[in-house]
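Chains as they are written, first to last, in this note's numbering: chain Z, 1 to 202; chain H, 1 to 202; chain D, 1 to 202; chain F, 1 to 202; chain Y, 1 to 202; chain P, 1 to 202.
In short, the hints are calculated from the structure, not lab data. Among the hints, a few may not be true.
One copy or two, either will do: identical chains are not told apart, so a pair holds if it fits within one copy or between any two.
SDA-like, lysine to any residue: derived pairs with alpha carbons at most 25 Å apart [stated by the list, open to error]:
#: 1; residue 1: LYS93; residue 2: ASN172
#: 2; residue 1: LYS87; residue 2: ASP72
#: 3; residue 1: LYS103; residue 2: ASN124
#: 4; residue 1: LYS93; residue 2: PHE167
#: 5; residue 1: LYS74; residue 2: LYS87
Computed from a predicted structure; not experimentally measured.
There are 6 protein chains.
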Amino acid sequence: MVTVLAVGAHPDDIEVGCAGTLALHKRSGDKVYVLVLSKGEASGDPVVKELACKKSAELLGVDGLFFGGLQDTKIDDGIETILVIEKIIDEVKPDVVYTLTFKDTHQDHRNTAYATLSAARRCNKILMYEIPKPLKEFFPQVFVDIEKTFEVKKKVLSIFGRESESFWLAANAIEHLAVLRGFQAGVRFAEAFEVGRFILEV
Amino acid sequence: MVTVLAVGAHPDDIEVGCAGTLALHKRSGDKVYVLVLSKGEASGDPVVKELACKKSAELLGVDGLFFGGLQDTKIDDGIETILVIEKIIDEVKPDVVYTLTFKDTHQDHRNTAYATLSAARRCNKILMYEIPKPLKEFFPQVFVDIEKTFEVKKKVLSIFGRESESFWLAANAIEHLAVLRGFQAGVRFAEAFEVGRFILEV
Amino acid sequence: MVTVLAVGAHPDDIEVGCAGTLALHKRSGDKVYVLVLSKGEASGDPVVKELACKKSAELLGVDGLFFGGLQDTKIDDGIETILVIEKIIDEVKPDVVYTLTFKDTHQDHRNTAYATLSAARRCNKILMYEIPKPLKEFFPQVFVDIEKTFEVKKKVLSIFGRESESFWLAANAIEHLAVLRGFQAGVRFAEAFEVGRFILEV
Amino acid sequence: MVTVLAVGAHPDDIEVGCAGTLALHKRSGDKVYVLVLSKGEASGDPVVKELACKKSAELLGVDGLFFGGLQDTKIDDGIETILVIEKIIDEVKPDVVYTLTFKDTHQDHRNTAYATLSAARRCNKILMYEIPKPLKEFFPQVFVDIEKTFEVKKKVLSIFGRESESFWLAANAIEHLAVLRGFQAGVRFAEAFEVGRFILEV
Amino acid sequence: MVTVLAVGAHPDDIEVGCAGTLALHKRSGDKVYVLVLSKGEASGDPVVKELACKKSAELLGVDGLFFGGLQDTKIDDGIETILVIEKIIDEVKPDVVYTLTFKDTHQDHRNTAYATLSAARRCNKILMYEIPKPLKEFFPQVFVDIEKTFEVKKKVLSIFGRESESFWLAANAIEHLAVLRGFQAGVRFAEAFEVGRFILEV
Amino acid sequence: MVTVLAVGAHPDDIEVGCAGTLALHKRSGDKVYVLVLSKGEASGDPVVKELACKKSAELLGVDGLFFGGLQDTKIDDGIETILVIEKIIDEVKPDVVYTLTFKDTHQDHRNTAYATLSAARRCNKILMYEIPKPLKEFFPQVFVDIEKTFEVKKKVLSIFGRESESFWLAANAIEHLAVLRGFQAGVRFAEAFEVGRFILEV
């Protein structure tokens with residue numbers, strides 16, 4: 001049994017990037033924690049979004065959902081963000097941390113990636129998940145076969161999809177991305193990650 | 001009206017990477033030429049593959065299909081390959097050249113990309129198409145909306161798909177890739193390219 | 001006819017990077033808008049610089065000159081900068097956006113590039129122009145032949161050149177850069193761009 | 001229990017790059033195979049080197065030592081090299097493949113890396129080990145704690161070290177590299193790898 | 001005789017990255033100045049750290065030790081940081097500037113690197129030193145043989161090492177790094193640098 | 001006094017990339033050797049080109065001109081090329097080696113760069129010069145002020161320029177490049193280099 005922590009900048013980042021993998025962790029009996037740094041108030045109702053996060057967490061079976069209280073669109077890579085993430089890391093002591101990648105045109109995403117790398121500098125495994133748009137040179141290195149949890153991923157995406165048409169389009173793209181990453185990994189559906197750091201047990 | 005040349009290392013490379021774009025060129029009244037450097041004899045019957053290329057060319061309406069006569073799996077980036085491509089460039093005088101990208105783990109693909117860049121050094125536009133596997137850091141920069149020709153692309157892919165189960169899987173992945181690239185470009189289906197060189201008319 | 005928007009961090013950025021291309025757009029009957037995020041008050045008189053921008057805009061024939069009101073040397077890549085750019089994009093609805101590149105050692109330039117990519121995420125064409133110093137790994141991909149407008153570019157550069165000897169040196173370098181990029185593109189004078197995103201019509 | 005295959009271009013590559021990890025696999029009861037593509041005849045007596053490989057294999061407890069029969073300094077990235085590696089992969093069916101990285105100034109090393117990526121395209125895990133000189137931008141991502149097998153690594157390095165003073169110097173550097181990589185991983189001694197592809201079981 | 005300036009974000013950065021090179025400059029009769037941007041108050045007693053900097057400066061024989069007065073963990077790449085560095089550059093007029101590299105996961109380090117590149121834009125030589133952890137893709141290009149001053153480097157590191165166990169570990173790693181870089185340079189001990197800009201006298 | 005060796009793939013590569021720097025070395029009393037790997041027979045009369053090399057060597061005052069006897073357009077990065085370069089290195093024992101960069105679309109240039117890095121693995125300084133076309137991401141790091149030898153550079157370029165109109169255009173571009181690099185370095189004319197490896201004396 002391992003403990004994992006997924007970090008996202010906004011509600012729905014984690015669902016987009018690694019919901020299938022998190023659901024798989026739960027199937028394997030792992031502990032799963034989720035940290036959402038802001039409530040996405042710059043592009044919608046934060047109360048609705050918070051509720052969506054909770055429903056998603058319930059569906060995924062996560063063991064703890066945390067909000068970072070940072071301001072949407074103003075997340076930086078400095079000490080404030082780092083401390084928010086460090087606090088949760090100290091609390092849940094994750095073996096694996098999933099976070100955004102810094103190859104992203106959204107400033108909150110880039111900064112979340114940098115801040116997580118700093119905050120998780122003593123964690124053994126840091127994997128960076130992808131967002132289908134607007135990625136820049138994301139290089140898929142690590143793949144997780146999510147065939148068994150693909151339906152759950154679609155379900156949690158649909159929670160957020162109800163909110164807006166643009167997200168509905170994104171959710172659709174994410175399903176196609178899962179097939180593409182699956183093809184690259186030799187399975188039906190996959191999620192892909194870049195490696196921040198990975199201590200491999202042999 | 002422009003003239004375009006698509007270069008592939010093996011039968012099916014061009015269909016995978018830019019069939020939708022080529023079909024679109026034909027709809028716009030452009031001249032389209034295709035150069036296939038080898039007949040893919042290392043992984044199947046070259047006679048069958050040649051026939052597939054011809055059917056595909058017919059369906060796409062290409063104005064000329066050339067074979068480079070190079071040896072499958074032994075295409076290098078040297079003068080021999082460059083001369084084969086230069087000869088066709090001198091003949092058809094393309095305004096746009098589509099070729100493979102050198103961010104690819106297949107040696108024939110890398111070498112085709114390098115050789116095309118050398119051979120087409122006087123062409124105004126060189127765009128490099130992608131293969132869904134095993135890409136390495138492909139960076140989608142230029143997108144073509146292929147909604148109008150997506151059905152044709154599926155049809156020409158199915159010609160090659162009949163050959164092998166593994167290609168059938170690839171063809172499936174390519175369709176999903178088209179949706180993903182479409183999402184990134186803000187359309188339903190797209191093909192994506194890296195830029196070799198692009199002289200923009202203003 | 002297309003509509004284009006050029007974004008610069010300081011007065012003279014746009015003239016240095018893409019004045020020839022903008023003048024060409026005007027010759028072709030396109031609409032050209034210019035957004036200058038700050039008035040460059042950290043290194044000279046902002047009133048003089050504003051006047052220079054206006055003279056330059058007049059010479060280039062631009063259809064609208066906007067100032068972003070941001071503080072010179074303190075332009076960041078966050079929501080404030082993004083909103084300033086988004087507002088103009090919503091107003092002029094550009095088909096093409098020209099902006100700085102993030103491969104630049106000036107923090108305002110890097111941040112302008114990132115903020116434009118975010119603000120222009122629904123625009124079809126984003127091209128990033130170059131500054132001759134202090135570039136870092138700028139990779140010329142897209143070239144525009146500016147032979148017909150090179151004299152205009154020199155004229156608008158000279159407006160800013162009157163200000164300072166260091167800019168006069170830069171202006172001189174820019175002319176040599178135009179010949180070099182022209183050589184690479186196979187023409188007499190050219191401006192070069194990196195690609196942010198480019199939806200190609202076929 | 002997993003099966004692993006380590007690929008090197010010359011005798012001693014594997015010992016330098018991943019002997020500690022291979023010894024650890026044996027301690028865990030895994031099957032370990034080793035493929036040495038050439039006998040290093042360009043810089044020493046191939047008979048002596050073959051013997052050193054055998055002694056090393058014995059010390060590490062490897063289950064099978066293969067020689068690829070390729071010519072030292074003339075290993076290319078084409079089909080000949082790929083087939084040599086594919087043959088062993090078909091035979092031992094490895095779960096993990098260790099190989100050189102293509103960020104290396106030695107042509108045999110670069111080509112071995114490319115050829116392994118092609119040959120192992122259906123393997124779930126490909127990790128690329130490092131050579132302390134002349135690396136170019138090697139990016140340590142995956143670390144294995146080799147504290148328990150560091151003495152064995154030193155022993156197998158000493159087999160090759162007897163041969164030449166320059167190798168003795170390299171062996172010394174490798175020990176220091178192990179401490180450095182250990183520090184980066186938070187352990188005493190480590191080996192570091194780049195990721196070719198890694199299917200992660202969750 | 002040349003004048004050099006070393007810039008660090010925190011007490012100990014300079015000792016870790018280039019103490020051997022600075023000591024060598026002193027042996028050659030050069031002028032050496034040191035600028036420490038913050039007093040590292042976020043992870044220890046700034047008074048103790050300031051004292052350590054002074055002892056280190058004395059041991060190295062530096063001609064002037066400056067503190068930038070910036071806030072630990074909040075150093076950004078903007079004008080405030082740039083001006084602090086520019087002020088010292090204007091005062092000591094360095095021929096060579098040593099600074100951190102921007103390939104670093106610590107935000108203060110990245111920002112110090114960017115700010116130094118801006119502030120030192122008229123200096124002839126800018127070299128970027130490395131930190132053994134958590135570097136990201138540091139590419140050693142320029143090497144200085146520090147065999148003659150390695151003992152001094154160890155001594156100044158030990159000043160900071162007394163403070164904390166984690167730094168003691170780092171200091172140990174740094175010694176091993178010196179051997180590794182020495183091996184890559186063909187000497188016993190070396191420090192390695194990336195190049196910001198280097199005007200070479202011929 | 002130092003000894004330098006410049007390596008080019010074809011007649012004129014060295015003149016284009018580093019003639020100003022070589023002439024400067026001669027002014028400083030250094031020994032200068034030149035190695036031209038092929039006689040450029042694929043694009044002109046090798047006898048004429050050999051003569052041009054000799055005239056250029058005379059004008060530059062080089063102490064020894066060597067031809068590598070390799071075949072134009074077929075220079076690879078393997079042992080044959082490496083041995084040709086090693087032989088001259090063993091003979092002249094250069095302190096500095098100037099060679100092409102591997103960021104080049106010409107296969108001979110890329111391979112010359114790789115082979116030189118291998119052959120010169122024990123040399124203290126390897127600098128890679130640039131060709132104005134078709135460079136790919138050349139990153140100017142090291143600059144040499146060639147104001148004093150710019151006239152000589154133009155003269156030796158004109159020797160080759162007599163041969164062909166296309167080279168005449170290139171020679172023109174090279175002069176503009178020298179101004180641009182000079183501007184970046186803060187001087188009138190400069191040549192720029194990437195760093196292969198550079199042991200810095202302090």
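Tested hints:
| no. | hint | verdict |
| --- | --- | --- |
| 1 | LYS93 to ASN172 | neither (34 Å within a copy, 27 Å between copies) |
| 2 | LYS87 to ASP72 | both (19 Å within a copy, 19 Å between copies) |
| 3 | LYS103 to ASN124 | both (22 Å within a copy, 20 Å between copies) |
| 4 | LYS93 to PHE167 | between (32 Å within a copy, 23 Å between copies) |
| 5 | LYS74 to LYS87 | both (20 Å within a copy, 18 Å between copies) |
Checked against the numbered hints above, the structure breaks only hint 1 and satisfies the rest.
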